[in-house]
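Novice: As a plain string of letters, each chain reads:
Number of protein chains: 2
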Amino acid sequence: MDNVIDFVNVNRDRYLDELKALLAIPSISALPEHAPDIRRCAEWCADEMRRIGLQNVKLIETAGNPVVYGDWLNAPDAPTILFYGHYDVQPVDPVELWQSPPFEATIRDGEIYARGAADDKGQVFMHFKAVEAHMKQNGRLPVNMKFIIEGEEEVGSAHLDEFVRSHRSELAADVVVISDSGMFAKGVPSICYGLRGLVYFQIDLRGSSTDLHSGSFGGALANPGMVLAQMLAQMKDRGGRVKIPGFYDDVVRPTPGELRDLARSGFTVAGFKRDHLLRSLRTDDPIEVMKRIWLAPTFEVHGIAGGYQGPGVKTVVPPRATAIVSCRLVPDMDPKKIVRLVKAFVKKKNRDVVVYAEHELPAYQGKTTGPYADAIRGAMKFAFGKEPVFVREGGSIGAVLSMERVLKSPVYFLGLSLPEHGYHAPNENFDWPQAEGGMAAFADYFRRLGEMRKA
Amino acid sequence: MDNVIDFVNVNRDRYLDELKALLAIPSISALPEHAPDIRRCAEWCADEMRRIGLQNVKLIETAGNPVVYGDWLNAPDAPTILFYGHYDVQPVDPVELWQSPPFEATIRDGEIYARGAADDKGQVFMHFKAVEAHMKQNGRLPVNMKFIIEGEEEVGSAHLDEFVRSHRSELAADVVVISDSGMFAKGVPSICYGLRGLVYFQIDLRGSSTDLHSGSFGGALANPGMVLAQMLAQMKDRGGRVKIPGFYDDVVRPTPGELRDLARSGFTVAGFKRDHLLRSLRTDDPIEVMKRIWLAPTFEVHGIAGGYQGPGVKTVVPPRATAIVSCRLVPDMDPKKIVRLVKAFVKKKNRDVVVYAEHELPAYQGKTTGPYADAIRGAMKFAFGKEPVFVREGGSIGAVLSMERVLKSPVYFLGLSLPEHGYHAPNENFDWPQAEGGMAAFADYFRRLGEMRKA
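Read top to bottom, the protein sequences are chains A and B.
Each residue of the first sequence is one higher than the one before, counting from 11 in this note's numbering.
Each residue of the second sequence is one higher than the one before, counting from 11 in this note's numbering.
Since the hints were derived computationally from the structure, they do not count as laboratory data.
Quick caveat: nothing in here was measured; it's all calculated off a predicted structure.
The reader is advised that the hints may include incorrect statements.
Given that identical chains are not distinguished, each listed pair holds provided it fits within a single copy or across any two copies.
Said to hold, decoys possible - Listed below are the simulated DSSO-like cross-link pairs for lysine-lysine, each with C-alpha atoms no more than 27 Å apart in a straight line:
1. 418 - 377
2. 391 - 253
3. 253 - 357
4. 30 - 283
5. 418 - 346
6. 359 - 253
7. 358 - 30
8. 357 - 146
9. 146 - 358
10. 196 - 146
11. 253 - 358
12. 418 - 283
13. 283 - 353
14. 283 - 357
15. 418 - 253
16. 353 - 68
17. 391 - 68
18. 346 - 359
19. 377 - 391
20. 359 - 30
21. 146 - 30
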């Protein structure tokens, strides 16, 4: 392994320049005007795959953005790893909060600041480079490897399931590795074994056909801004509990073992607040915080909009108001049932309010034992010098379930970002020590798998 | 009077061209980038005043936008009218709902469509042209006249009170005439004798310093969008009644006479809905609707904003949410007391929510009897062929109270817009018959005042 790590060190400056080039492409999947950037970014990934020695590299078209595919399948007796990542990124607004332009990667105090630095370009890049180092030093890989890098993760991976289904045999693998998550904290190597699911709602209320003068009409009309606020207020109590009947019915209570793991995780509320610049939490009990972010469902308003939002005064009764909301789901909540409950609740309270639902993704619960889990654990210990802990994450990755269900392969997470790296936020960043650790972990991981002969 | 009306008819095409030039200036006072247009519009009004024969025409600077002043003071024994209007306009968004560009006045089916067509450039223009017609035909006016056209009405007339105070003697007049309101309906001449007051609030909630990933944090944090919705929902019940303690304490109940006037007004809910394209009202009782829009206070959300509002998905817990709200006030509500009540209510419910208050304007109640009221009534009957009714309006004009209190002159409304003219809305418009009626009414009004010798 030493020669692989040496190669990474020697090539550090070149690697940083190449990463900057990848981060410079504003591949924001949520905004249609960035469609050309999406394609440019897919092409960049394909070129990079060819440079590092992968074969059969191609863009595979979907009904949405293309998936970039590449493989290396010249280790006949060894297992096959399918690596998954994504090349699309979140929007950058509020852009005025960025300290440097989001698509000009800037290094400050050893951190690389750019949209996508951690989520997920930085992590994808790290895997490319682990492969490159291994290839350059050894001329070959110890395992078979397939890469798929998708372009719609940040908008719910709408076409990935169909892609996986229609390329089932091409994607067949013994194990899937995903690097789109994080470690628990710097110096605390951790492996994610569960993700929350997601359903996504738009709650719309249309009143009049146009702005109405609040002097001439105010008082006689229901005001969509107020009615929407009243609707939302009926959906969640002030302590944060969702008030939609049946919402919690299928939530699996944490096992005593899980609660013990939480207690052993070393999570502190003070550290969590400091890392994320949080002013206050709903509770300062660390177990309760972990339960709320990993083991409990949510009902969060992402955006609320209606009426005049410019400077100065415009005294209208607005014609319409909208809220964008999502629910994170935990085992065993059924996304379709949650959609049904939310729609029924809203309809009962106010027939003028319309609910659109999207992205019905259940929660994911992975395995923490067996040879592939042992290999991940061993590689993380090799790279970071400490026994890793298995933890859950609060986020959602649509791809996970598709791959597990369709390919019938176990899915493992090799996530290297840190809590302070600011996923989805202004000033997203990544740091070289984590990247280095990630390359070492991935290289050691495929070495370990190479030693596992196929049954 | 006939020669004045003849002059208007002969010059109709020229008048329309000149009005279009005035409407072409996007003098939006709420948007700082239109400051040059504000000044250009003030200059246009000054030039027009000179063209029609007013004297001492000038822009008078204020701490905000300039007031355009002009006079004609050559009728020593006759009363002096101070005419008030405004040259600024509302913003145009949502601009996509306009059927023709808001600053390219377009005539369709006899209506002139443009921002400001009714509120207030069209009405100001009509008064200019009544003066012009009289001057051209008779070489002089029968009364003394002062015009002030301000540029901040649509943002609360913040500097008008100071302007009126510091130019008290220059503005001295026997009577003030305001043309910034409407008639009850086409063919139903009406004179406004009361306006609602206004206080304007921004309700702000700041949570984290930045967007936070709803997967990683959702559940552990109070969500500003939801907390703001919950706050608003506590302020008004679902029937539309304000729940802030003390809010209604000082509201004067309508007198039996006022209720009789409402019943006689000819107002119908069907007509009100049809004219304004309203889908539904809180009540279909016509007296109750009139009470709610003219005689009762309001608490209306004008805008609500927080978090992501672009297309697609951005699953963040937003750092902040804001609502813009105003209360229309009726006699004898005290704006300062209402601000105090709202702030105390919010503070008691949630100390993180910040309330900013602006534009503390009490309601206005005018006189319906006396020689000046009789002159307005007579002029409206002359122009529209029917005895006018005195009604209240639900809107607010800050200038009214300043002028009444500082100049100690009675204020009368000569409003000519119609309900269907769409004040503050997309496709605002005005029509030539109303403009013609307005010119006839104003010309007849100053003829009547010219016959009143000064005491």
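Novice: For each hint, tell me whether it holds in the structure or not.
Specialist: Now the hints, each set against the structure:
1. 418 - 377: Within one copy, since 13 Å is at most 27 Å while 84 Å is not.
2. 391 - 253: Answer is neither; intra-copy 43 Å and inter-copy 60 Å both fail.
3. 253 - 357: both (15 Å within a copy, 25 Å between copies)
4. 30 - 283: neither (30 Å within a copy, 59 Å between copies)
5. 418 - 346: within (23 Å within a copy, 68 Å between copies)
6. 359 - 253: Intra 13 Å, inter 20 Å, cutoff 27 Å: intra and inter.
7. 358 - 30: Neither. Shortest intra-copy (52 Å) and inter-copy (50 Å) distances fail the 27 Å Cα cut-off.
8. 357 - 146: neither (62 Å within a copy, 65 Å between copies)
9. 146 - 358: neither (64 Å within a copy, 67 Å between copies)
10. 196 - 146: neither (30 Å within a copy, 86 Å between copies)
11. 253 - 358: both (14 Å within a copy, 23 Å between copies)
12. 418 - 283: Neither, since 39 Å and 60 Å both go past 27 Å.
13. 283 - 353: neither (35 Å within a copy, 30 Å between copies)
14. 283 - 357: Intra 38 Å, inter 25 Å, cutoff 27 Å: inter-copy only.
15. 418 - 253: neither (37 Å within a copy, 57 Å between copies)
16. 353 - 68: Neither. Shortest intra-copy (42 Å) and inter-copy (61 Å) distances fail the 27 Å Cα cut-off.
17. 391 - 68: neither (34 Å within a copy, 82 Å between copies)
18. 346 - 359: So residue 346 and residue 359 pass the 27 Å test inside one copy only (20 Å; across, 36 Å).
19. 377 - 391: within (18 Å within a copy, 87 Å between copies)
20. 359 - 30: neither (51 Å within a copy, 48 Å between copies)
21. 146 - 30: within (22 Å within a copy, 74 Å between copies)
Checked against the numbered hints above, the structure breaks hints 2, 4, 7, 8, 9, 10, 12, 13, 15, 16, 17 and 20 and satisfies the rest.
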